[in-house]
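Assemble the complex: chain W is given as a structure, and chains C, E and Z with the ligands must be docked to it using the hints.
Residues per chain are reported as follows:
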Amino acid sequence: MLSKQTVKLDPANNPYKPRLARIVSIKPQAPDHKLFQLRFEDRDYAESFCTRPGQFAELSIIGVGECPISISSPPTRKGIVEMCVRRTGRVTNALFDLPTNSMVGLRGPYGNGYPVEDMEGNDLLMIAGGLGMAPLRSLLWYALDNRARFNRVILLYGTRSPEDLLFREEFDDLITRADLECHVTVDKDPTGNWPYNVGVVTSLFDKVDNLNPDTTYAAICGPPVVYKFVIDQLLKLNFSKGRILMSLERMMKCGIGKCLHCSIGHKYTCLDGPIFTYWDAINLRESI
Amino acid sequence: MKSLRMAKRHLPKFLESLGKWGKVYVPVKLGKNSYRWEEFDGEVDNIALDALRTVIPAKKFFYKPREVMFEYDKTNGYTQACAECEEDVILFGIHSCGIHSLETLDNIFAGKYVDNYYFTRRKNITIVGTSCMPDKHCFCKSMGADTVDEGYDIFLTDLGDDFLIGVGSSKGDDIVNDNPDIYEEVDESTTKRYLEFRNKRDESFELVLDTSDLPTILDFQYDNPLWDELGERCLACGSCSMVCPTCYCYNVDDTINLDSETGERWREWDCCLFRDHALVAGGHNFRENQGGRLKHRYLHKQQAYLGDFGRTACVGCGRCIVACPANIDYVECLKAMRGEMTSA
Amino acid sequence: MANRKITVDHLCRVEGHGGVTVELKDGKVDKVQMDIYEAMRYFEHFLKRVPYDQTASIACRICAICSAVHNIVSNQATEDAFGVKCSDQTNLLRRLYVAGGNIESHALHVYLLALPDLMEPRYHSALHMAQDLPDVAKIALDIKKCGNEIQDIVGGREIHACNTKLGGFGRIPKKDELKFLRDRLEKTLENAAATVPIVKGLGIPAYLKSENTYVGLVPYGDKFGYMGDKIAVSDGTVVDVHDYLNVTNEYVVPYCHAKYSAWKDKPFMVGAIARVHLFFDKLHPTAKAVAADIGYKPPIHNSLFNSVAQVVELVDAIADSIDVIDAVLAEYDGSPKDPVVKPKAGKGTAGIEAPRGTLYHSYEYDADGNCVGADIITPTCQNYGNMEKDIREMVDNNPGFSDEDIHFHSEIIVRAYDPCISCSVHVINLDKQ
Amino acid sequence: MAKPSIGVYGLTGCAGCQLNIINCEDELLDIAAAVDIKSFIMAQTGNVECEIDIAFVEGAVSNEKQKKQLLDIRERAGLLVAIGTCASWGGVEAMINDVPREVAKKDVYGDTMKDNPFYDCFNPMPLKDVVKVDFQIVGCPIERPQFIQAVASLLNGNLPLLPTYALCTECKFKENECLLIEQDKFCLGPVTKAGCGARCPSNNIPCEGCRGPVFEANYASEVEIMLEKGYTKEYIAQQMSTFAGTISAEDLGARKLVKTDIP
Ligand SMILES: Cc1cc2nc3c(=O)[nH]c(=O)nc-3n(C[C@H](O)[C@H](O)[C@H](O)COP(=O)(O)OP(=O)(O)OC[C@H]3O[C@@H](n4cnc5c(N)ncnc54)[C@H](O)[C@@H]3O)c2cc1C
Ligand code: SF4
Ligand code: SF4
Ligand code: SF4
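Chains as they are written, first to last, in our numbering: chain W, 10 to 297; chain C, 71 to 414; chain E, 31 to 463; chain Z, 4 to 266.
For the record, the hints were derived by calculation from the structure and aren't laboratory data. We put the beta carbon where it would ideally sit given N, CA and C, even for glycine. Please note that the accuracy of each hint is not assured.
[As the list claims (entries may be wrong)] Simulated DEER-style distance windows between Cβ atoms:
| hint | chain 1 | residue 1 | chain 2 | residue 2 | range |
| --- | --- | --- | --- | --- | --- |
| 1 | Z | Val-106 | E | Asp-398 | 17 to 25 Å |
| 2 | Z | Glu-185 | C | Asp-219 | 33 to 41 Å |
| 3 | C | Lys-182 | W | Thr-85 | 47 to 55 Å |
[What the hints assert, rightly or not] Derived contacts from chain W toward chain Z, CB cut-off under 10 Å, selection only:
| hint | residue |
| --- | --- |
| 4 | Ile-70 |
| 5 | Arg-96 |
| 6 | Leu-220 |
| 7 | Asn-221 |
| 8 | Pro-222 |
In isolation and in its complexed conformation, chain W is listed as follows (with noise of 0.2 Å):
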């Protein structure tokens, strides 16, 4: 007796099973990031592999486990997939301790991704603390490499320290890009020979001038600090809570709304997130 679903079963494609993929490059970032692109094996599989800026994959290390990482590169550019990645506990020590042309398994990509369609046409307000950069990079590049499509674009990039910067060598033309509004600021400048912003990210929010809450759609990922007082500037400015549009992070074990370890209410992190508007998460006790 098969349920009333209508469930089509092909053995061939169990969505669990990672497909394998190669180290090509490994760039250290900041201490403990590192920046991995992957390529899958099945070259034609890599071609067609199309992603939405702001999802994820579930990447796993042969023999010791499989952990959520966003894309940190944009659909626009094919065959590679870019991940940034933080050194927090097992899955990831095993993935830094791999050299390139190491072999990974990887499935994905999951989760909605950023509502690109409804943001097109609108100035673009991209918002990152730390490793949050790593979910927006994606955004950033899809946003670039279709810059008609969008009106203004501002990117406000705060870490800790300037040792702490990620996509380093990346930032220093973006900085001097004309079609990029982007500003970057640490907490702290221990060097003292930080050429920028010293301060949190919100004290980004003083460069920016003419914000127009009413055709801007503001993208934060961060940790939770980010998120509370950025948000608090936001609605200073009169963003209506559906145009600010957040990454949450959860434990995850399927990415497929399977497992339940990211349910946050009736909201699967991995199926209807990791991009929520404000909004949801408002609804959406515990969310942050």
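Below, chains C, E and Z with the ligands alone, put in the same frame as chain W:
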């Protein structure tokens, strides 16, 4: 739907013929007051026909407490492992609430990403339901799970000397046709006896939970201190979730062999009352205290799942009430949230 | 000749922590002492406060290798105190369980701990030996495994049973499980037979010649076995197990955390060699045949032959276990009515033959069934005196031995006794006489 | 690559955890082939005490000599793994930690050994009270599959993953009748760490807590339940002290959460 009658003395023959469709599992008694499904040993007397709730519900047939998802090796990656998924099984003695619970699990394991393990078994397992008489912990009626019209291959209703045989699928029909001698047509008295049975059963429910507006009420009661009081008592032992026919969350881990090359990826039933259920790297716990975890379980069943699939993720089997060492009572708690006086 | 002092700091391949010191004065042995520095755990306090239904499960933690016998004898001592009688099936299953412990322990000792010394060349361990002789190691491990399988299925765990209780077992092994064990035992019997040529070829030194006094429990019935309620001494004396203190006569020495024993002021020996000496006639025919094949025929007074006696016992235990399983299956009762266990004030004592010799447990309970006194005497304790005697003799009979020789031979003598040091320091004294 | 070197050590205990390593009959030769066993006094001669990658230490610490030895092992070992309940929680020997050792000594050996320094010892403590412990494999004794899995993980360069939930969960996996609920037995399953496959309840014998507490053991609630069933405070205290350190009848329930940072 096709209905037939079978005299009870034919039960051995009936079970014997079921054997042709796969391994037959029947409820048997263990200990003083507990039951579990075990492979039929050929002795009809060993079947506990009166078993209301087995310790572990039918979900174990479709979704194992611990199962290997993949075997892997470091060169070739992951290979799906689930040979026994393909085994043909006849599940005899599941009740109406159990059949409903399978539907709640179907909803989760289907969808955009189909869980192969679950549905391969689902396809290969034949459901032979039996009727039951509720006890003081059953509240399936309140959860709308006290009767079934579909979801089974065959359903046996106890009418005294006879079983009413409901044939619910083409496979069920094959089973019946295989052994025509033991069945008779329904007759005059069947309707009467059936209604008598139904009425008696309806009247036996002692436990009733009013579910009207419950999701909304639970919203209002979000900060009720009772959650934390219950949290203080909860041992996080996991019993309630393990025995719940609709609890489905799981954990995944990888084990490696001594050769450092090969190993297995497992999944294992998990429970949202465990401390590490919402714990993320760096030690942040999204549900820091036990009261919050308990609330999450209840809200998930009565609010979240309901919102997604239009029915609650509880079928009223009463297992969690029976299995809680701390006497935390699901129904009492929800009644208290409604403001009905109880001793929860 | 100069005075010499030879110290074995840490005896390896024995269970527990201890050493040996030998001092020679003018070429003659002056002092031999066992240095047992295993940390004390003071089981009398554990036991003195525990309720009767806990004594066995705590007492078995005295020692892992002898856990099975500690567990059973502890239950039997408590049953003795309360006047509980067990069913035949329980007694058979206990016999099987104890045999499982014996198979495991003897296989471990003979093949994995003692053999590496007696092989040519010598090995540091069975694992080193396995590199040259993988087949021997595999067979040995498989025999040992069979013993563990019995303990696992009947006792519930390979070490520290969790299926035993006062009056019987928590769960009776299923028929399939018993049949599985029977098949395994058949195979293990073949494996054990395959080791006979190796055992035959061992170069066991012959310098120990003096007569040993042997002590062991008289097995019930006409079969060789490990349970009984009479203690036999090789001089012909028989003592009731309740009077065990008259046999053990314990005393304390300042250099050792264990107590010593003496029979008529002289050391005595317990263990496989003692049992085979005392009850050779009762051995299973298969075991007798193996003994004949090896050429083992009592009386034998060279304590180093204890390991060979263990091989004979190993075969007996395997063959007997097959018979026991057949007997259990013949009158199988899957859900027995266990005897009622009602605590009452009083004392109870039981003895059992552990792999390394006679083990006694004796308890006193108050009316609520709380343990108020306990005495446990382990085989290794009883053997310390004899070990010292043997080491003396080894040195005396080999005037040409260098310090290294004495070091090495002291170790193999001690190892031959299969000492269980952690047991030996957990002696408990109820009536301080 | 050089094989990882290991050492297996025993302090105060019954040697059961070490024995259960030797009891891994099917895997022992593979383990021996995969690592370089520098020291394992119970199993081999020719031991060398040098720098090692992983030390497995059994038993509680109960005298100065052992304390020194443990500090020395810690110095030499990359990772220190506590094996067994004695090493992790103190074990049965810590059951009487409310009684001064002097009293215990007098009781066993009489007055003869009063001033003999050879007999000095202190209340047994788990390893974590003396040194940093990287991982614990609990159990009295440790379970063989868990040990093998831990070794395999460590060889692969990761800390092992062992169950963190309570025994009841495993007991349910086994589909046992609940002894606490259906038979009013004193079962410590709800506060005891799983991993043994619910051995005792599967044999109709209640869990005695030999694996020690879960990360957040709700002792207070367990005590409440047992008092309701009519067990006395003394009985409850005794049962709860058997393996995981002494709890007196007075502090029962005060110890709600047992927390440890060691995985
Ligand atoms: C949607 C999403 C996107 C993420 N993107 C990134 C990213 O781009 N870069 C990055 O470095 N990290 C990211 N994380 C966090 C990352 O998943 C965790 O740091 C990682 O799981 C830690 O695993 P571990 O085994 O190394 O740590 P451990 O602490 O050893 O984790 C143990 C187990 O807990 C689970 N777990 C622990 N923390 C988390 C967590 N935060 N989220 C989900 N599961 C967790 C893992 O599945 C793991 O098996 C993301 C998390 C989510 C949910
Ligand atoms: S929540 Fe309780 S009553 Fe409802 S289905 Fe689950 S176990 Fe049964
Ligand atoms: S059964 Fe009771 S004590 Fe156990 S986790 Fe569930 S609510 Fe908590
Ligand atoms: S028997 Fe013990 S371990 Fe098993 S569920 Fe009941 S309380 Fe938990």
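For this session: Output the numbers, in ascending order, of every earlier hint that fails for this structure.
Result: 3, 5, 6, 7, 8
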